[in-house]
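Colleague: So the protein lines, in turn, are chains A and B.
For what it's worth, the numbering used here labels the leading residue of the first sequence as 1, then goes sequentially.
For what it's worth, the numbering used here labels the leading residue of the second sequence as 182, then goes sequentially.
Be aware that one or more of the hints could be misleading.
[What the hints assert, rightly or not] Label-pair ranges, simulated between beta-carbon atoms:
hint	chain 1	residue 1	chain 2	residue 2	range
1	B	Val-254	A	Ala-65	19 to 27 angstroms
2	A	Ser-72	B	Val-254	50 to 58 angstroms
3	B	Ser-265	A	Glu-57	44 to 52 angstroms
[As the list claims (entries may be wrong)] Simulated pairs of lysine to any residue, SDA-like, Cα-Cα distance not exceeding 20 angstroms:
hint	chain 1	residue 1	chain 2	residue 2
4	B	Lys-251	A	Arg-129
5	B	Lys-253	A	Glu-54
6	B	Lys-253	A	Lys-176
7	B	Lys-286	A	Gly-58
8	A	Lys-47	B	Ala-247
9	A	Lys-176	A	Ile-117
10	B	Lys-229	B	Lys-286
11	B	Lys-347	B	Leu-372
12	B	Lys-215	A	Leu-173
13	A	Lys-47	B	Lys-215
14	A	Lys-130	A	Gln-98
15	B	Lys-286	B	Tyr-276
16	B	Lys-253	A	Ala-148
[As the list claims (entries may be wrong)] Cβ-to-Cβ under 7 angstroms is the rule here; a few derived chain B residues that face chain A:
hint	residue
17	Asn-224
18	Ile-242
19	Phe-245
20	Pro-289
21	Ile-317
22	Tyr-320
Treat the hints as calculated values from the structure; they're not laboratory data.
The C-beta atom is built at its ideal place from N, Cα and C for all residues, glycine as well.
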Amino acid sequence: MSQLLILAAEGKENPLVPPIPELVIGLLAFVIVFGFLAWKLLPNINKVLEQRREAIEGGIEKAEAAQTEAQSVLEQYKAQLAEARHEAARLRQEAQEQGATLIAEMRAEGQRQREEIVTAGHAQIEADRKAAASALRQDVGKLATELAGKLVGESLEDHARQSRVIDRFLDELEEKAEATR
Amino acid sequence: MSADPTQVLAFETDCHIFDGCGFPAPGLHSFLFKPLWGDADSNVYFNKPMLLALLGSIIVIGFFWAAFRKPKVVPGKLQMVAESGYDFIRRGVVYETIGKKEGEKYVPLVVSLFFFIWMMNLWSIVPVAQFPVTSIIAYPLVLALIVYVLWVSLTFKRHGFVGFFKNVTGYDKSLGAVLPLAMLIEFFSNLLVRPFTHAVRLFANMFAGHTLLLLFTIASWYLLNGVGIAYAGVSFLMTIVMTAFELFIQALQAYVFVLLTCTYIQGALAEHH
Numbered sequence: 001m002s003q004l005l006i007l008a009a010e011g012k013e014n015p016l017v018p019p020i021p022e023l024v025i026g027l028l029a030f031v032i033v034f035g036f037l038a039w040k041l042l043p044n045i046n047k048v049l050e051q052r053r054e055a056i057e058g059g060i061e062k063a064e065a066a067q068t069e070a071q072s073v074l075e076q077y078k079a080q081l082a083e084a085r086h087e088a089a090r091l092r093q094e095a096q097e098q099g100a101t102l103i104a105e106m107r108a109e110g111q112r113q114r115e116e117i118v119t120a121g122h123a124q125i126e127a128d129r130k131a132a133a134s135a136l137r138q139d140v141g142k143l144a145t146e147l148a149g150k151l152v153g154e155s156l157e158d159h160a161r162q163s164r165v166i167d168r169f170l171d172e173l174e175e176k177a178e179a180t181r
Numbered sequence: 182m183s184a185d186p187t188q189v190l191a192f193e194t195d196c197h198i199f200d201g202c203g204f205p206a207p208g209l210h211s212f213l214f215k216p217l218w219g220d221a222d223s224n225v226y227f228n229k230p231m232l233l234a235l236l237g238s239i240i241v242i243g244f245f246w247a248a249f250r251k252p253k254v255v256p257g258k259l260q261m262v263a264e265s266g267y268d269f270i271r272r273g274v275v276y277e278t279i280g281k282k283e284g285e286k287y288v289p290l291v292v293s294l295f296f297f298i299w300m301m302n303l304w305s306i307v308p309v310a311q312f313p314v315t316s317i318i319a320y321p322l323v324l325a326l327i328v329y330v331l332w333v334s335l336t337f338k339r340h341g342f343v344g345f346f347k348n349v350t351g352y353d354k355s356l357g358a359v360l361p362l363a364m365l366i367e368f369f370s371n372l373l374v375r376p377f378t379h380a381v382r383l384f385a386n387m388f389a390g391h392t393l394l395l396l397f398t399i400a401s402w403y404l405l406n407g408v409g410i411a412y413a414g415v416s417f418l419m420t421i422v423m424t425a426f427e428l429f430i431q432a433l434q435a436y437v438f439v440l441l442t443c444t445y446i447q448g449a450l451a452e453h454h
């Protein structure tokens, strides 16, 4: 006990014996610091650090979303482009086919018209030839009759006979012509 | 020349070598201060270390108030500095030793401890103040006691009464016959000596540092006479070197103190095997 008393009395000189007032002030000083930091300042900064973390992660998420969207838009665009190309090719093909049929149709039409014209021409020529032949035959008959009348000196007016003779004559002529051709 | 705690400076200025005056070596008296207010015998007084302690508190709070009062997501310079300090203690000390999940609760305490102790140590080299508050045993002891109380209560809460004693005594059946002795030593070292060593580690470092600084500072002045001037130069150089060294030790001791704090808390939370 006396030892302790001596120690207490020497307390002012002993660096390992803490004086009560300094313990109190030390505690007070630390509690002030701890109080302020724990009550306000550290929660403050923790909130901001959390916000910052979220902002960074949010930014990354946003960028990722934008990238996905861009990707999907690109794919959509590519699909549309391919479709359009396909459509264009199809249209071209169709036009080509249509053109080909049109040309074929026109060609057929032309052919048909040409044949019609040719046929008409042929018919005309045939008719003209027939008319010319019959006219010629009459003229030749008349001339021959006149010639024969003049030669014989009498008119051979007997119609029926006259015609038969001329026709027979002409037929003979034709046969000769055929034979010589 | 006996020490007089009433002197204003740490040594007498009119005393030089070759003047028939002995070297006014620093000693225990260098750590005693005449109260600025009140009476030293009545236990109601206010002295320089107390003033520095309270002033230090205000500086620490002021710094963090300026930095963290209105923190921004994109930090300014001051906030960045304070954040890196905060982050260093939070990640580098608390998360490393206790773990993120369990340790989060103790971050404010450990951060406060670190910056408080660092500031108290820093007073050692602040001109005019030039006294580490932590070289007075009362200040480290109070902090060590806070940690001690936290550690004991945590261990009780986590392990119960029997578990507490098993935890404190390092109970381990595989030790066999040595177990009682080991338990006795562990009990003694953990429960009785721990707060003392925790406090004294900081106190003694600061005490010794301050004594060294005083020694070289006083010697620089004391030798400043005649041929002694050459030696004074060497001593002054040593003062500068020791000041830089102290700057390092101050941060290191604050770090060691909070690291031990975290280790103790971790020990209390850990399951005992």
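Colleague: Could you check the structure against the hints above and give me the numbers of any it violates, in ascending order?
Modeller: Structure breaks hints 2, 3, 4, 6, 7, 9, 10, 12, 13, 14, 16.
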